[in-house]
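Asker: What follows is the residue order along each chain.
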Amino acid sequence: MSEEVAAEILTTHILDLARSGRRLDGRGLDDYRKSSVVPGFVASADGSALARIGETAVLCGIKLEPGKPYPDTPNAGTLTTNAELVPLSSPMFEPGPPHPRAIEVSRVVDRAIRAAETIDLTKLCVTSGEKCWTCYVDMHVLDHSGNIIDTASLAALGALAHTTMPNVRFGVAEADAPLAIQHYPVECTFARLGEAIVIDPSVEEEGAANGRLTIATDEAGNVVAMQKGLIGAFSPDDVKSLVDRAFRHGDRQRRLAKDA
Amino acid sequence: MSEEVAAEILTTHILDLARSGRRLDGRGLDDYRKSSVVPGFVASADGSALARIGETAVLCGIKLEPGKPYPDTPNAGTLTTNAELVPLSSPMFEPGPPHPRAIEVSRVVDRAIRAAETIDLTKLCVTSGEKCWTCYVDMHVLDHSGNIIDTASLAALGALAHTTMPNVRFGVAEADAPLAIQHYPVECTFARLGEAIVIDPSVEEEGAANGRLTIATDEAGNVVAMQKGLIGAFSPDDVKSLVDRAFRHGDRQRRLAKDA
Amino acid sequence: MSEEVAAEILTTHILDLARSGRRLDGRGLDDYRKSSVVPGFVASADGSALARIGETAVLCGIKLEPGKPYPDTPNAGTLTTNAELVPLSSPMFEPGPPHPRAIEVSRVVDRAIRAAETIDLTKLCVTSGEKCWTCYVDMHVLDHSGNIIDTASLAALGALAHTTMPNVRFGVAEADAPLAIQHYPVECTFARLGEAIVIDPSVEEEGAANGRLTIATDEAGNVVAMQKGLIGAFSPDDVKSLVDRAFRHGDRQRRLAKDA
Amino acid sequence: MGSVGAKDVPVLMSPDGKRIDGRRADELRPLAITAGALKQADGSAFVEWGANKVMAAVYGPREVHPRHLQQNNKAIVQCRYNMAAFSVDERKRPGLDRRSQEISKVIAEAFESVIFVEEFPRTSIDVYIEVLQANAGTRCAGLVAASVALADAGIPMVDLVPAVAVGKVADSIVLDLKKEEDNYGSADLPMALVPQSGRLVLLQMEGHMTRDELHRALDLGVAGCRKIYDVMRQALLDKYRADGPAPGVAA
Amino acid sequence: MGSVGAKDVPVLMSPDGKRIDGRRADELRPLAITAGALKQADGSAFVEWGANKVMAAVYGPREVHPRHLQQNNKAIVQCRYNMAAFSVDERKRPGLDRRSQEISKVIAEAFESVIFVEEFPRTSIDVYIEVLQANAGTRCAGLVAASVALADAGIPMVDLVPAVAVGKVADSIVLDLKKEEDNYGSADLPMALVPQSGRLVLLQMEGHMTRDELHRALDLGVAGCRKIYDVMRQALLDKYRADGPAPGVAA
Amino acid sequence: MGSVGAKDVPVLMSPDGKRIDGRRADELRPLAITAGALKQADGSAFVEWGANKVMAAVYGPREVHPRHLQQNNKAIVQCRYNMAAFSVDERKRPGLDRRSQEISKVIAEAFESVIFVEEFPRTSIDVYIEVLQANAGTRCAGLVAASVALADAGIPMVDLVPAVAVGKVADSIVLDLKKEEDNYGSADLPMALVPQSGRLVLLQMEGHMTRDELHRALDLGVAGCRKIYDVMRQALLDKYRADGPAPGVAA
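Chains as they are written, first to last, in the numbering used here: chain A, 5 to 264; chain B, 5 to 264; chain C, 5 to 264; chain D, 6 to 256; chain E, 6 to 256; chain F, 6 to 256.
Possibly wrong hints are sitting among the right ones.
One-sided and incomplete, this derived list gives chain A residues near chain E with beta-carbon spacing under 10 Å [claimed, not checked]:
id: 1; residue: Phe45
id: 2; residue: Ile66
id: 3; residue: Tyr74
id: 4; residue: Phe251
id: 5; residue: His253
It should be emphasised that the hints constitute simulated quantities derived from the structure, not laboratory data.
We treat Cβ as the ideally placed atom computed from N, Cα and C, and that holds for glycine.
Based on the sequences and whatever the hints tell you, model everything.
Answerer: Shown next, in the form of structure tokens:
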């Protein structure tokens with residue numbers, strides 16, 4: 005049996021299940037997989053967290069280094085977000101320059117962090133127009149069993165929430181201090197399977213999906229970022245109802261990063 | 005009929021026509037296509053022009069930004085010329101790093117601009133050895149129906165001739181000022197079709213050509229640049245007679261850029 | 005006869021010969037090919053040497069340019085080693101970004117130069133933490149008839165030993181001065197052919213080898229670098245005996261670079 | 006969106022509900038579309054939308070490059086959204102940055118959702134978008150241009166795909182942001198609609214919107230898309246009717 | 006090794022022969038190996054060794070990418086040793102630098118020396134090593150992790166391949182250097198052993214060693230490898246015995 | 006050519022018509038060619054011309070890499086003109102810059118104009134030029150070296166292809182510019198001739214020349230090429246006659 009045929013049969017099966025409200029791994033349509041956040045996983049980083057959603061695992065490390073503010077925001081530090089979809093984590097990923105898929109993950113996480121004002125970038129300014137902190141958020145995907153965006157975002161939030169500013173190492177202040185977190189954005193991703201829409205898709209469901217929608221919410225009741233992905237479409241009513249679902253699931257995931 | 009066979013038949017036909025002094029689009033051997041220059045096409049540039057020769061279209065935008073003089077020319081600004089043969093403009097162009105063909109176009113145009121002393125680079129020096137203007141000449145090919153070099157060169161000249169130095173934006177002087185043009189180089193390209201040599205080749209003629217020669221002249225009677233391209237050869241006598249033809253066509257094209 | 009079959013037959017033949025202590029080019033197992041060093045081959049470099057081992061030829065050029073010390077070694081100049089395995093030198097090399105093979109050559113040579121303290125990097129410091137010399141060691145492989153590492157290393161040593169510091173050109177001192185050499189590391193490479201181990205392998209022997217070992221020694225009786233390469237293995241006793249062979253051959257090769 | 010730590014923030018909304026350029030909240034910028042603007046491409050369109058100028062071209066269905074992307078049961082849709090060096094205030098280095106690569110991806114996915122790709126197995130449909138002058142909303146302008154170019158190339162699709170961004174500016178939900186509104190506003194929500202099905206094939210968002218604001222934004226965007234749809238259809242009609250002036254860059 | 010012109014050099018060896026972290030000369034840092042640490046990979050292992058954290062995964066035998074590397078008579082072994090941006094003190098730019106490329110090459114050659122590649126013509130066996138936290142000896146830790154991952158993937162090999170670095174620190178030959186010893190010591194000699202044949206498939210060295218020191222270093226390293234071998238075997242036994250806790254990153 | 010805003014300009018022409026190195030206007034720099042200078046290449050040549058040192062090698066006809074460039078009815082000619090890092094005053098970063106890529110293109114086109122490419126369909130003839138020491142005129146020196154290397158490799162051609170640059174220095178038209186003349190002169194015109202047909206297969210020019218000056222420059226260049234042609238022929242004769250000293254870099 006060729007790979008294509010096998011994939012097609014699996015897709016048919018997943019769609020059949022979804023039609024009757026069931027999923028391949030036994031979850032209900034609105035069941036999120038068990039998630040966890042282990043902060044401080046990497047001692048060489050200024051902050052880090054290993055996030056897991058089901059068997060998907062992403063390790064995020066934060067590094068703070070002295071830099072120069074952008075000319076148009078002289079009173080703010082800078083934030084650089086990068087996701088590495090290394091080939092270790094999935095048979096689908098190949099070595100080489102960043103794939104658009106990896107770029108999308110990093111940009112979607114970046115948008116949520118930025119739009120939610122997760123950290124106050126003006127606090128990362130040391131001398132106006134001259135010197136600031138550059139905050140590197142590096143997400144390393146270790147195991148891709150579906151829903152990388154939510155897992156990467158959870159790892160990033162968990163890492164930022166447990167970051168120490170290395171003031172002493174770089175001679176910026178006399179003592180290191182925790183990085184202050186203002187808001188806690190959480191991404192929540194859905195996949196359309198026929199007319200059903202499931203939360204937190206597995207890798208097999210992503211392969212069968214006709215449309216993916218990620219909605220990031222903060223703890224104050226705002227939507228801060230969205231991204232539709234894959235081939236497929238959502239009606240405005242779909243989007244409205246998914247926003248409600250995203251809010252419902254947001255607080256639980258947020259607590260994982262915050263209280264880890 | 006395979007693509008190769010079709011191409012071979014077209015080549016044979018074009019060469020047959022040329023032998024009797026005729027061309028595929030009805031022009032005579034020394035007829036240049038109708039050309040036009042629209043200056044100021046792009047408001048986001050400091051200078052711009054859309055040049056068209058027949059259906060070939062190139063948009064050139066000029067940007068002036070503060071930079072640093074080269075150590076060996078401390079009293080001169082710098083000039084950077086770049087041509088993008090984007091895949092939008094022709095089925096022959098592919099996405100990816102700059103193809104040697106694109107590099108050739110930009111270098112041939114650059115040579116004519118530089119050798120003709122189109123702009124006085126010493127006027128782009130702000131502080132000797134410290135600060136100067138960098139003049140970016142970016143040529144964007146939009147429709148490649150043959151003879152990109154002449155079209156790109158015409159667009160560049162038209163854009164330079166309608167450029168404003170953004171003195172105010174960069175705090176260099178109290179008022180913006182037009183960029184002064186000293187000389188007006190014009191490229192004129194020929195293609196050998198068997199023993200006939202046609203001016204301003206179409207894309208089909210370029211495919212059939214055995215040799216291409218570009219000759220740039222200025223308004224004072226100098227040849228300022230030449231470039232032989234493609235597989236093929238020209239005798240010294242060919243070159244001498246083509247120089248005369250290039251001079252004859254130069255003034256008309258020059259006026260398009262100057263008076264646009 | 006296919007290329008693979010031809011290669012396999014040659015390998016079998018080389019291994020058969022080695023079993024009885026013989027080699028394709030008539031040498032004994034411990035015979036090093038005739039080597040030579042021509043210093044000053046390139047006038048545009050601050051130092052240069054053309055090294056040849058048999059028909060393998062590598063040209064090394066040294067350039068000294070002002071730079072900035074690394075933050076963690078403020079009192080030392082910097083050394084940059086690069087090997088270009090240009091496609092001119094072998095049918096096996098292709099154009100493109102540096103192949104891991106080229107990177108290995110440059111890193112192995114670099115390790116020997118650095119570990120042997122061939123030059124005293126602190127002498128390349130001009131102003132602590134501010135200004136230093138950057139010493140570029142560029143090795144250009146011209147003819148790859150086997151054993152590039154030893155040849156490149158010999159060229160590098162020969163070039164360094166004949167380098168003049170361009171003090172005047174860069175306004176660092178009133179007179180140019182020879183670059184002082186402290187130690188003379190020499191690489192010696194072996195290839196395993198079955199159970200025999202030959203010195204200075206030819207390109208054909210490298211193709212047949214099951215394991216390569218390079219040992220760099222200095223004139224004071226130290227091993228300063230080693231590198232096992234290719235598919236294959238060496239026992240610790242193999243290594244110990246090869247170290248003795250490397251010491252035996254080192255002085256002769258060293259003299260070539262030193263006295264050239 | 007990039008306003009953290011910025012210097013001067015302009016007034017984006019007047020007391021009487023007029024925007025920085027005088028538009029009402031639900032008003033589009035002027036939009037002009039020329040179908041068939043290029044000679045070499047199989048289909049093309051030039052869009053002037055406010056101060057945006059965007060050219061799109063379509064090639065295909067044709068052979069797939071690189072080959073290993075070929076699919077046996079359908080065409081693939083490849084998109085390259087690119088900004089000219091001179092299209093923005095500060096010169097942009099040629100080549101696709103990360104933003105352009107992300108936009109290329111979501112636009113390709115949007116079109117692959119409406120093109121009948123099963124009809125052209127083992128081929129590629131290549132969509133090229135060149136932003137020549139940028140003033141916010143270029144991805145939507147590019148999508149609109151490319152959609153007309155696909156129709157001009159005769160590629161069978163479910164429907165044309167209009168697109169527009171909705172934003173939040175000084176607490177108002179407004180249609181079709183221009184540059185200052187995008188830079189200093191508090192939310193940006195670009196979307197692309199399939200009018201026939203009423204579904205969105207592109208949807209992104211960044212900023213702050215409550216549940217209620219988001220609902221209004223979606224409704225405003227869908228209404229805006231339907232207006233843009235009419236302009237797109239008219240551009241194609243004009244082209245078919247007259248086969249009029251020779252194709253070429255509108256000058 | 007990078008100590009020329011450096012500022013402060015720590016005391017690496019106490020008068021009573023204790024190293025900077027209290028170890029004896031022939032003592033290894035603590036080593037923990039989890040076989041089967043990942044779900045997607047065909048085989049995997051997570052290694053914590055001193056302050057190193059390294060993950061390895063194996064895929065294959067599978068189709069060769071890029072195709073032209075395919076060999077008709079055997080599998081090829083491809084290795085990618087990569088360091089995470091946050092794994093070292095100063096953030097490392099993502100992507101393979103020259104050091105990583107060299108290490109990838111010698112590790113691939115080491116494994117191709119022990120895998121029965123003739124059994125899988127026209128395929129690739131892909132070995133991926135991700136260094137998550139680095140503290141000297143990462144190439145050996147990576148090799149150990151990858152070797153267990155290969156076994157976990159069921160790839161037939163002559164033997165497991167333990168690896169360790171020996172060094173010279175304050176004139177002593179010591180086993181398994183940690184970061185300060187590597188930075189300020191005077192020699193570093195990483196090696197990988199095939200216990201079954203007693204031969205080395207990886208061997209590198211940089212620094213200063215006399216003939217005699219080198220002999221002792223080789224012997225010390227071989228003895229160290231045999232201890233590591235036992236830990237590797239135990240990790241696989243634990244995995245096979247229990248098929249125990251679901252595979253996943255040890256947390 | 007690069008003299009705008011430069012500091013000191015040397016005297017390039019003495020009152021009695023002697024050039025900076027004492028040559029007359031129509032005089033070549035010393036030229037020595039060694040055919041068959043390398044062992045591995047199918048054909049090779051080493052050229053010392055004034056203070057230029059250039060090595061060329063030819064491989065082929067052989068399989069085309071990358072494959073998709075293969076042509077069914079003829080061989081393709083690929084050329085790579087490269088400058089060693091140490092070949093110029095300021096160290097050049099390794100790899101092909103834009104100038105080198107342009108030169109590679111025009112040289113490949115020059116050779117494809119004289120090689121009987123139809124005889125070797127589906128193959129590549131690869132021409133490699135390495136500039137080891139540069140002093141103006143390297144593209145011509147490279148072309149001369151490569152032309153002899155092609156003959157040494159037995160590639161069938163219409164003729165050898167001599168090349169030389171003509172320039173304008175202090176209002177005189179002079180043959181074979183050296184570095185100072187190239188830097189501070191007012192025109193540079195490199196050309197390559199097919200002596201058999203009297204036609205030029207490479208021709209470039211930058212600077213200022215009147216119609217009349219250009220005519221004289223062309224004539225002077227053609228005459229120069231014919232002298233160079235003799236040296237090229239002699240080099241090949243020397244090689245064939247003696248098969249003399251073992252091939253290898255002339256030292």
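Asker: Are there hints from earlier that the structure breaks, and if so, what are their numbers?
Answerer: Numbers 3, 4, 5, in rising order.
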